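Visitor: Protein chains in written order, with the UniProt record's numbering: chain A, 1 to 478; chain B, 1 to 235.
Everything labelled a hint here was simulated from the structure, so no lab data went into it. Fair warning: this is a prediction, and the values are worked out from it, not measured in the lab. Some clues are possibly wrong.
25 Å max Cα-Cα, derived SDA-like pairs, lysine to any residue [stated by the list, open to error]:
#, chain 1, residue 1, chain 2, residue 2
1, A, 304, B, 219
2, B, 228, A, 37
3, B, 201, A, 302
4, B, 52, B, 114
5, B, 34, A, 463
6, A, 205, A, 255
7, B, 18, A, 92
8, A, 77, A, 55
9, B, 209, B, 99
10, B, 34, A, 446
11, B, 58, B, 156
12, B, 58, B, 220
13, B, 202, A, 302
14, B, 201, A, 58
15, B, 58, B, 34
16, B, 50, B, 39
17, B, 199, A, 330
18, A, 77, A, 54
19, B, 202, A, 124
20, B, 201, B, 99
21, A, 135, B, 139
Not the full set, but computed from the structure, chain B residues with beta-carbon under 8 Å of chain A [said to hold, decoys possible]:
#, residue
22, 16
23, 19
24, 21
25, 23
26, 26
27, 27
28, 30
29, 32
30, 36
31, 76
32, 191
33, 193
Where a beta carbon is used, it is the ideal one built from N, C-alpha and C, also for glycine.
Residue strings, one per chain:
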Amino acid sequence: MYRTLSCLKTFLRLENKHILKRTMIKFTFRSVSGDEGVSVGSAVREQHGRDESVHICRPPDVVVFPRSVEEVSALAKICHHHQLPMIPFGTGTGLEGGVGALKGGVCFSLRKMEQVLDLHQEDFDVTVEPGVTRKGLNSYLRDTGLWFPVDPGADASLCGMAATSASGTNAVRYGTMRENVLNLEVVLADGTVLHTAGKGRRPRKTSAGYNLTNLFVGSEGTLGIITKATLRLYGIPESMVSAVCSFPSVQSAVDSTVQILQAGVSIARIEFLDDVMINACNRFNNLSYAVTPTLFLEFHGSSKSMQEQVSITEEITRDNGGSDFAWAEDEETRGRLWKARHDAWYAALALRPGCKAYSTDVCVPISRLPQIIVETKEDLIRNNITGPIAGHVGDGNFHCLIVLDPNDPDEVQRVHSFTERLARRALAMDGTCTGEHGIGLGKRALLREEVGPSAIEVMLGLKASLDPKNLMNPGKVL
Amino acid sequence: MSARVLVGVKRVIDYAVKIRVKPDRTGVVTDGVKHSMNPFCEIAVEEAVKLKEKKLVKEVVAVSCGPQQVQETIRTALAMGADRGIHVEVSGKDYETLGPLQVSKIFAALAKKEQADLIILGKQAIDDDCNQTGQMTAALLDWPQGTFASEVTLEADKLKVVREIDGGLETIKINLPAVVTADLRLNTPRYATLPNIMKAKKKKITNVKPADLGVDVSSRLEVLKVEKLKEAGRI
Numbered sequence: 001m002y003r004t005l006s007c008l009k010t011f012l013r014l015e016n017k018h019i020l021k022r023t024m025i026k027f028t029f030r031s032v033s034g035d036e037g038v039s040v041g042s043a044v045r046e047q048h049g050r051d052e053s054v055h056i057c058r059p060p061d062v063v064v065f066p067r068s069v070e071e072v073s074a075l076a077k078i079c080h081h082h083q084l085p086m087i088p089f090g091t092g093t094g095l096e097g098g099v100g101a102l103k104g105g106v107c108f109s110l111r112k113m114e115q116v117l118d119l120h121q122e123d124f125d126v127t128v129e130p131g132v133t134r135k136g137l138n139s140y141l142r143d144t145g146l147w148f149p150v151d152p153g154a155d156a157s158l159c160g161m162a163a164t165s166a167s168g169t170n171a172v173r174y175g176t177m178r179e180n181v182l183n184l185e186v187v188l189a190d191g192t193v194l195h196t197a198g199k200g201r202r203p204r205k206t207s208a209g210y211n212l213t214n215l216f217v218g219s220e221g222t223l224g225i226i227t228k229a230t231l232r233l234y235g236i237p238e239s240m241v242s243a244v245c246s247f248p249s250v251q252s253a254v255d256s257t258v259q260i261l262q263a264g265v266s267i268a269r270i271e272f273l274d275d276v277m278i279n280a281c282n283r284f285n286n287l288s289y290a291v292t293p294t295l296f297l298e299f300h301g302s303s304k305s306m307q308e309q310v311s312i313t314e315e316i317t318r319d320n321g322g323s324d325f326a327w328a329e330d331e332e333t334r335g336r337l338w339k340a341r342h343d344a345w346y347a348a349l350a351l352r353p354g355c356k357a358y359s360t361d362v363c364v365p366i367s368r369l370p371q372i373i374v375e376t377k378e379d380l381i382r383n384n385i386t387g388p389i390a391g392h393v394g395d396g397n398f399h400c401l402i403v404l405d406p407n408d409p410d411e412v413q414r415v416h417s418f419t420e421r422l423a424r425r426a427l428a429m430d431g432t433c434t435g436e437h438g439i440g441l442g443k444r445a446l447l448r449e450e451v452g453p454s455a456i457e458v459m460l461g462l463k464a465s466l467d468p469k470n471l472m473n474p475g476k477v478l
Numbered sequence: 001m002s003a004r005v006l007v008g009v010k011r012v013i014d015y016a017v018k019i020r021v022k023p024d025r026t027g028v029v030t031d032g033v034k035h036s037m038n039p040f041c042e043i044a045v046e047e048a049v050k051l052k053e054k055k056l057v058k059e060v061v062a063v064s065c066g067p068q069q070v071q072e073t074i075r076t077a078l079a080m081g082a083d084r085g086i087h088v089e090v091s092g093k094d095y096e097t098l099g100p101l102q103v104s105k106i107f108a109a110l111a112k113k114e115q116a117d118l119i120i121l122g123k124q125a126i127d128d129d130c131n132q133t134g135q136m137t138a139a140l141l142d143w144p145q146g147t148f149a150s151e152v153t154l155e156a157d158k159l160k161v162v163r164e165i166d167g168g169l170e171t172i173k174i175n176l177p178a179v180v181t182a183d184l185r186l187n188t189p190r191y192a193t194l195p196n197i198m199k200a201k202k203k204k205i206t207n208v209k210p211a212d213l214g215v216d217v218s219s220r221l222e223v224l225k226v227e228k229l230k231e232a233g234r235i
């Protein structure tokens with residue numbers, strides 16, 4: 001009884017110290033970001049502990065809303081001193097559970113930093129803060145005739161897109177984030193503010209020193225918090241033309257893709273939908289496409305050249321057994337032609353109402369695409385998994401939009417095994433386990449298999465050098 | 001078809017900007033703030049350009065009233081496909097008090113001078129939300145009006161306009177010449193492409209003063225104060 005009492009007293013004393021410490025830390029945060037800049041409300045924390053993946057919500061202990069890089073740096077110094085994990089948060093539209101606070105800690109929600117700074121029209125560059133989304137930037141730029149074409153689908157934060165090295169349907173022509181970030185301002189774990197290419201610098205190319213900019217692109221918040229990104233802009237093309245074509249087999253669709261790329265046609269998007277996906281789209285939108293592998297294409301260029309580009313492409317598809325080639329230039333008809341591709345996610349979900357969807361993301365050299373898609377489809381059928389396929393075939397990247405019942409443990413297990421087999425199949429074909437979504441929480445083991453032990457050692461060394469206390473988004477990527 | 005269309009384009013604070021009231025409460029902060037074409041004016045320009053692409057009208061003229069900066073707004077309209085622009089120079093105090101009554105007088109005078117057959121305006125501006133210019137212009141010209149248009153069809157020398165009203169959609173047929181004001185669902189405006197912006201630099205913008213049109217732009221309204229709305233209850 002006496003021992004219990006004394007244990008209780010010790011426990012309460014420690015608890016009080018713990019509570020006192022937490023209160024002090026919250027007070028310090030508030031002195032930096034103001035009362036409205038710190039939240040411990042459970043709804044706010046839950047909102048910041050999940051993204052659009054199937055990973056469960058892992059809320060942080062507190063969410064801070066800094067308004068400037070100075071505040072981010074000050075808050076990071078506090079977290080560094082108290083050994084608190086830090087997790088940057090943009091729009092929460094990630095697909096790999098990257099924002100889950102596995103060890104609790106502080107979520108840095110950057111949405112209050114939402115300025116578009118320093119637009120240089122003649123130099124085709126602009127600098128943005130993390131709260132600026134890609135649709136927000138393109139709306140801001142609409143009077144200038146410029147746009148930022150990397151389009152991952154979601155209206156994501158541009159700095160978040162830099163952090164995950166995002167890509168999208170336009171990558172075949174305009175590249176991914178890796179090719180389009182000129183400079184980053186990053187706050188490191190100890191509060192140091194770093195300009196990866198030098199403060200304010202924005203030459204279109206450079207060979208000065210180590211490429212720190214691309215070290216942070218794709219680092220998924222594990223090396224620092226991105227507070228500014230300088231991006232490469234492009235002119236909005238004079239004319240956009242869309243086309244659709246059906247094929248008798250995956251092979252013929254991919255062969256056409258390769259030949260279209262080789263012909264130097266000004267292609268901007270080549271999207272592939274398999275027969276299961278087309279069927280889902282037909283049912284969802286009341287369309288009547290032939291239920292067979294289909295390519296959706298988009299051309300960007302001058303109005304005068306469009307006609308020629310389209311005829312070259314039509315000829316290529318015909319030589320490969322393609323049929324029902326349809327194309328349009330005006331926005332309304334283009335929208336209708338591409339509706340199937342735009343609604344693919346929802347069409348897939350509609351196949352099994354009440355279920356959740358998970359997207360795989362492997363990427364292989366284009367020549368291996370027919371083989372991997374055929375083998376993957378056989379795997380899906382063998383294991384009774386609903387997985388319509390949509391892909392950025394011009395990059396060799398495809399997604400199985402797996403629709404599953406999260407409450408059926410057997411199905412969850414089958415899907416999990418399937419995704420591992422798929423990733424290893426891609427690795428065996430000189431590919432990658434993730435073309436655009438990132439490693440996040442679920443693919444760390446696959447990363448090791450993909451890059452090999454030496455590369456992992458170097459990555460671990462870099463991480464240890466920049467974040468020795470492992471406070472930056474712990475448990476992700478490595 | 002030899003019709004000429006006048007389209008009004010207003011330069012306003014961009015819709016995405018967070019508006020701040022000036023400390024002296026005489027108005028909102030405009031210095032250094034991003035401005036762009038009023039979204040309903042973009043829809044009006046798009047409709048006019050579509051009519052031209054269908055070869056139903058011959059010429060689209062973009063008009064804006066204000067100081068030197070409104071030329072940027074006219075250039076955007078030219079990049080979207082308008083043929084030429086008219087800049088009605090109004091600046092200083094006159095610009096601060098410029099409102100629907102003065103603008104509609106200007107448009108009425110221009111319509112006669114340019115022998116316009118159709119005037120398309122946005123239904124309202126997002127800064128003052130007046131929703132008056134189109135209606136006043138039609139009244140001054142004694143022309144029929146098709147306001148809140150969500151669909152416009154040219155049928156010979158008549159205009160079929162589907163209007164968005166509280167009860168649903170109302171379809172009317174009006175004679176030309178007429179005034180139409182564009183509502184949100186009339187169309188989706190195109191982005192000005194970079195090549196078209198470059199080409200638009202060669203298109204002509206003529207300058208004209210309200211006095212040349214016989215219009216007095218003085219206002220009988222005086223702004224007493226501008227205040228921020230009280231914030232709603234916070235949890």
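Visitor: Assess, step by step, whether the Cα of residue 77 of chain A is no farther than 25 Å from the Cα of residue 55 of chain A, and give holds or violated.
Guide: With a Cα-Cα distance of about 30 Å, the restraint between residue 77 of chain A and residue 55 of chain A is violated, given a limit of 25 Å.
Visitor: Hey, residue 228 of chain B versus residue 37 of chain A, does the alpha-carbon distance stay inside 25 Å?
Guide: Satisfied, since the Cα-Cα distance of roughly 22 Å is no more than 25 Å.
Visitor: Given the hint that residue 58 of chain B pairs with residue 220 of chain B, test it: the Cα-Cα distance must not exceed 25 Å.
Guide: With a Cα-Cα distance of about 38 Å, the restraint between residue 58 of chain B and residue 220 of chain B is violated, given a limit of 25 Å.
Visitor: Take the C-alpha atoms of residue 201 of chain B and residue 58 of chain A, compute the straight-line distance between them, and say whether it is at most 25 Å.
Guide: Violated, because 54 Å separates the two Cα atoms, which is more than 25 Å.
Visitor: Can you verify the interface hint for residue 193 of chain B: is its Cβ closer than 8 Å to any Cβ in chain A?
Guide: holds, 4 Å
Visitor: Given the proposed pairing of residue 304 of chain A with residue 219 of chain B, does the C-alpha separation stay at or below 25 Å?
Guide: violated, 50 Å
Visitor: Is the Cα-Cα distance between residue 209 of chain B and residue 99 of chain B 25 Å or less?
Guide: Status holds; Cα separation ~16 Å.
Visitor: Given the hinted pair residue 201 of chain B and residue 99 of chain B, is their Cα-Cα distance within 25 Å?
Guide: violated, 29 Å
Visitor: Holds or violated: is there a CB of chain A closer than 8 Å to the CB of residue 30 of chain B?
Guide: It is violated, given that the least Cβ distance between residue 30 of chain B and chain A is near 17 Å, above 8 Å.
Visitor: Residue 34 of chain B and residue 463 of chain A were given as a pair; does the straight-line alpha-carbon distance stay at or below 25 Å?
Guide: violated, 40 Å
Visitor: Are the Cα atoms of residue 18 of chain B and residue 92 of chain A separated by 25 Å or less?
Guide: Measuring from Cα to Cα gives roughly 23 Å; hence the hint holds.
Visitor: Is residue 201 of chain B within 25 Å of residue 302 of chain A, Cα to Cα?
Guide: Given pair residue 201 of chain B, residue 302 of chain A holds - Cα atoms ~18 Å apart, limit 25 Å.
In this structure, the hints that do not hold are numbers 1, 5, 6, 8, 10, 12, 14, 15, 18, 20, 21, 23, 24, 25, 26, 27, 28, 29, in rising order.
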